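Could you put together the complete structure from these sequences and hints?
Protein chains in written order, with our numbering: chain A, 1 to 290; chain G, 1001 to 1429; chain F, 2001 to 2344.
What the hints contain is simulated information worked out from the structure, not anything from laboratory work. Computed from a prediction, not measured in an experiment: that's the story for all the values here. Do not rely on the hints blindly, as some may be mistaken.
[Stated by the list, open to error] Away from chain G, derived, C-beta distances all over 12 Å, residues of chain F:
hint, residue
1, Phe2048
2, Leu2050
3, Leu2100
4, Phe2153
5, Gly2185
6, Trp2191
7, Thr2219
8, Leu2249
[Stated by the list, open to error] Derived EDC-like pairs (lysine to aspartate or glutamate); straight-line CA-CA distance at most 20 Å:
hint, chain 1, residue 1, chain 2, residue 2
9, G, Lys1148, F, Asp2322
10, G, Lys1067, G, Glu1335
11, F, Lys2255, G, Asp1110
12, G, Lys1296, A, Asp126
[Stated by the list, open to error] Output of the computed footprint for chain A on chain F, the stretches with three or more beta carbons under 8 Å from beta carbons of chain A:
hint, stretch
13, 2030-2036
14, 2196-2203
15, 2259-2268
16, 2332-2342
Each residue gets a CB set at the ideal place from its N, CA and C atoms; glycine is no exception.
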Amino acid sequence: METLQLTQGVVNAILLSGTLTLVAIGFSIVWGILNIINLAHGAFLMVGAYITYWLFTLYGVDPFLSLPISMLTMFVVGYMVQRYLINLVIRAPLLVTFLLTFALEIIIINLATFFWKGDLRSVTPDYAGLGFTIGDVQIPYVRLAAFVISLVLTGLLHVFMTYTKTGNAIRATGMDIDAARLQGVRIPQTYALTYALGTALAAGAGTLISISFPIDPTMGGAYTLRAFVICVLGGLGSIPGVILGALLFSFIEVFSGIWAPSLKDAIALLVLVLVLIFRPSGIAGKAFYH
Amino acid sequence: MSKRLLILIVVLLITVMALAACSKATTPAPAQEQTQEQTTEEKAPAGGEECKVVFGAAVSLTGKYAKEGEYVKNGYELYVEEINKQGGIPVGDKRCKVELKIYDDESNADRSAQLVEKLITEDKVTFLLGPYGSGNTFATTAIAEKYKVPMVEANGAATKIFNRGFKYSFAVLTPAPYYLRGIIDMALDKDPNLKTVAIVIENGAFALEVAQGAKDYAEEKGLDVVYFDKYAKAAKDVSSLITAMKSKNPDIVLGAGHLQDTILVMKQSKDLGLSPKVFGFSVGPTSPEFRKALGKDADYVVGAAQWTPELKYKSDDIFGTPQHFTELYKAKYGEIPPYQAAESAAALIAYQKAIEAAGSLDKDKVRDALAALDYDSFYGKLKFNEQGMNVYKPMAVMQNYTDGGLYTVWPKEAAVKEFLYPFVPWDQR
Amino acid sequence: MSDQKKAPIRFSSLDGLFKGRQGVLFSIFLLFILFLGVFPFLPFASGFWLNTLTLILLLAAMSIGWNFIGGYTGYAAFGNVAFFGIGAYGTGLSMIRLGLSFFPALLIGAVAAMVFAILIGLPILRLKGHYFAIATVAIATALGEIADSWTSFTGGAAGITLPFFDPIEWSGQFFYYMAYLLAIGGLLLTWFILNRKMGYSWVAIREDEDAANMMGINTTWSKVMAFALSALMAGLAGGIYAYWKTFVLAEEVFKIEYTLQMILAAVLGGTGTIFGPFIGAFIYYILITLLVFFLPVGQLHATILGAIIILVMVFTPKGLMDFISGRKKLSINALLENIRTYRV
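So this is what it looks like as structure tokens:
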């Protein structure tokens, strides 16, 4: 491999890991606290991306400024979905919630395709594609900005979970639901809030992704799968674990992409299966969101 | 209770079996279909006013090929409308009205095959038209072959479909391996000093054939293929491949794939500063969506085209010229016709000419006439080799111009504008 | 709850099969099976109907197979399409590379699927819940991608083409009967196993795996067998499908929709029952077909499908069999029971 490929690959992987952290972190808290594999995660991400796209295309809103709008909108949507739908069957066997979120994904994608058509779209602000070079290595501004924003949001989540009363309530619910209830935590609301946080983070990731990559209604599935792999790699229940998992995953993805581009997903997935088999608690082990 | 039920079951069973045996004795299922076909055929010349020819197709109106499927449907419908204005297709000494029966295959090969089976056995259509995409075409040509009903398809370019010795399948479009030849010819014509080519490929039946064809042709022309690798279908990030290509510093970058991944390759080439002298793709740059998605970054990019509205073909078919087809299409659908619509209409022209030559609606006679067809249509030459592929029509090349327009730049005799060369590097814009 | 769980055991005994409402239903079911058996000879059995029923019967067979691991043993397998794909490729490659005729090739495809299930089952069946589910998805997806890229062996994305069934005029009938026999065979296999120790082991594992282990059940062996048998059904279905379609493309035979379909069929009919998946396949297919052909929903049929899944998951996740068989009365109370049990 040539030097350029190596150095550019390392830079690409690090930049990618920021966005993927944001993709996985929402998935991780929903899984860790609610014990749901949220297969609709990628669909919410896609909606977030489209919110940015439409705000940019119709009203010329700068994609980075649309970040809070898309996150807030999807926060509300996520809250409703959990409060009035998933909460109804949340303690049912795994198959039920699995299929329920899968159905949600089908519906969201179908509606998006119906209203927005299935073609690929791009958010193209004037600064898209601009960047600077260090040696021969290209660093696009938007990817760098996405990387920084992702880390800031992740940091904010950490602060929220650790230092606020609500954050502590969420963590307590995840650790022991009965004890949390006895402490006066309102479980249905807390569940809804957790899920809403998850979808809002997904939407935020969608916004950032829409600036660097083309979007279409089916884009989400690949990110759901990545979120899952990252959570397994990093271990469930800790923010540093997710960051570590995302970094590791990004390197696997970028370099398997150089050596065997068409086997990119297969390699990542086989790594997942191996980790599951040999170290089911992930690399960072189990912790609860701090 | 249980005894009565058992008796009931036995009685019912015997009845059903007896019925089955009767029906089999009188009209065996396959034979029944044949009689039906014969009656249509007999009716056709004798019936006078009754005469009609029904074309059936399963087209993707929903799912991932919904957009392309719509173009296909538009192409079919435009032809039917125009020919019926003239009273229909001439068969022998009179004209037969044309009817179209279209189902939505949901971009799903299982559904496509099922619906074609329905078109043949339930709806008893006279002839079949193709679906969109190589996968669905694969599935449906096998059904057409099974029932010996001709199928002229216009939207499956993979040669693999035709390497199976099928007798009833024909394709009006230029096959995949020929797609990028025009771009290579054009580039070398402009600058004989070009030395190296990099090829990126979407991992799909069509794109793989395009890429292999381009590689063979480039090597034949003395070019050095320095990069040749594929990315996953529906890939959302190809930056690894772009980086790898950039390190080879190729003169020409060719992409074999579809619209979506072509846009992705362009976007990320800009991000990572890949600037060859020529950027050419099999599918994508000729579509208005390409310009819409990329804006100014679409400038200079060239794409292969089965057909363009500017080509200078002349024909005595109902459309006459590409320009006239474009006018009619624009009047009906309000947009410039994409090539998918033109080739779909051309499939019906091929049928019309074959039916005229055969003077009959008999499936086998029309099949033979299709095999012998040699006709210059508004879409270009319609002529099939032994396998049923149209290898006689050249590919055009279109370029996204700096003025925001999309113009035919190759072949030279049809070119509207000069080929803009070279591609201006990203950092000099 | 407990009533539901006894269901397989009750069905597994022939005593009283023809008694009462159960008996009527069982007789109707049997008649339906017989009707399907003579269907190709009925006057209205056009190629279209044969095609449609072949699809449904293959789905039923796969769903019956999924029921072994997902329904009886209670492991949420989400990657059974992997076995379908292996069956399809195993059969196809044996036919074109080794020049075998269809039946030996089908056997190779099915055995390959089973062997693969045993090999991956040993490690991944130690995983629980979500982890097992996603490991199966991952393996199926990765396998599809490998088949799609490994040009020298599988033909890659260009796929492989198989010879036609000869005589071609009878291919519709031939594949219909192959699918029919596979589905019926699956029903008999279910019934056979449920009357063996294996069947009890499966249910015991679903109810409480640790307890089953302590009772001396070889849980590993039982789980792997459940997985392998479900692979056998899917592998055979895949092999038949490949020869029927006359080509194998990775993107077609490894698509996750097939997994979803077999699970939905089992859930609609009732997981962990003998006839549930078979009946569910028909219910599923009729629903879908009605949506496509008769409801003016246009391009929104996936939304309707999603809504149906949600309604079923929220109100009757144990399937419709309880209501059909009269074991439960259809009432608002019965529909809300699920929510009462599982909400927070």
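A quick look at each hint next to the structure:
With a least beta-carbon separation of about 4 Å from chain G, F:Phe2048 fails to lie farther than 12 Å from that chain, contradicting its non-interface assignment. With a least beta-carbon separation of about 8 Å from chain G, F:Leu2050 fails to lie farther than 12 Å from that chain, contradicting its non-interface assignment. No beta-carbon of chain G is positioned within 12 Å of the beta-carbon of F:Leu2100; the least distance is around 19 Å. At roughly 15 Å from the closest C-beta of chain G, the C-beta of F:Phe2153 stays outside 12 Å, upholding its exclusion from the interface.
Distance to chain G confirms F:Gly2185 as a non-interface residue, since its nearest Cβ pair spans about 20 Å, more than 12 Å. F:Trp2191, annotated as away from the interface, keeps every beta carbon of chain G farther than 12 Å; the closest lies near 18 Å. Every Cβ of chain G is farther than 12 Å from the Cβ of F:Thr2219; the closest lies at roughly 37 Å, confirming the non-interface assignment. The non-interface label for F:Leu2249 is inconsistent with chain G: the shortest C-beta to C-beta separation is roughly 6 Å, within 12 Å.
Between G:Lys1148 and F:Asp2322 the CA atoms are separated by roughly 47 Å; this puts the pair beyond 20 Å, and the hint is violated. With a C-alpha separation of about 14 Å, the suggested pair G:Lys1067 and G:Glu1335 falls inside the 20 Å cut-off, and the hint holds. Straight-line distance between C-alpha atoms of F:Lys2255 and G:Asp1110 comes to about 12 Å, which keeps the hinted pair within the 20 Å bound. Taking the CA atoms of G:Lys1296 and A:Asp126, the gap is about 10 Å. The hint holds against a cut of 20 Å.
A stretch counts as covered by a chain when three or more of its residues have a beta carbon under 8 Å from one of that chain; for the stretch 2030-2036 of chain F and chain A the count is 0, and the coverage is violated. Figure legend: the stretch 2196-2203 of chain F, annotated as covered by chain A; annotation inconsistent (0 residues with Cβ-Cβ distances under 8 Å, at least 3 required). Check result for the stretch 2259-2268 of chain F against chain A: holds, 4 residues qualifying (beta carbon to beta carbon below 8 Å, three or more required). Evaluation of the coverage hint for the stretch 2332-2342 of chain F: fulfilled, as 4 residues show C-beta separations to chain A shorter than 8 Å, against a requirement of three.
Checked against the numbered hints above, the structure breaks hints 1, 2, 8, 9, 13 and 14 and satisfies the rest.
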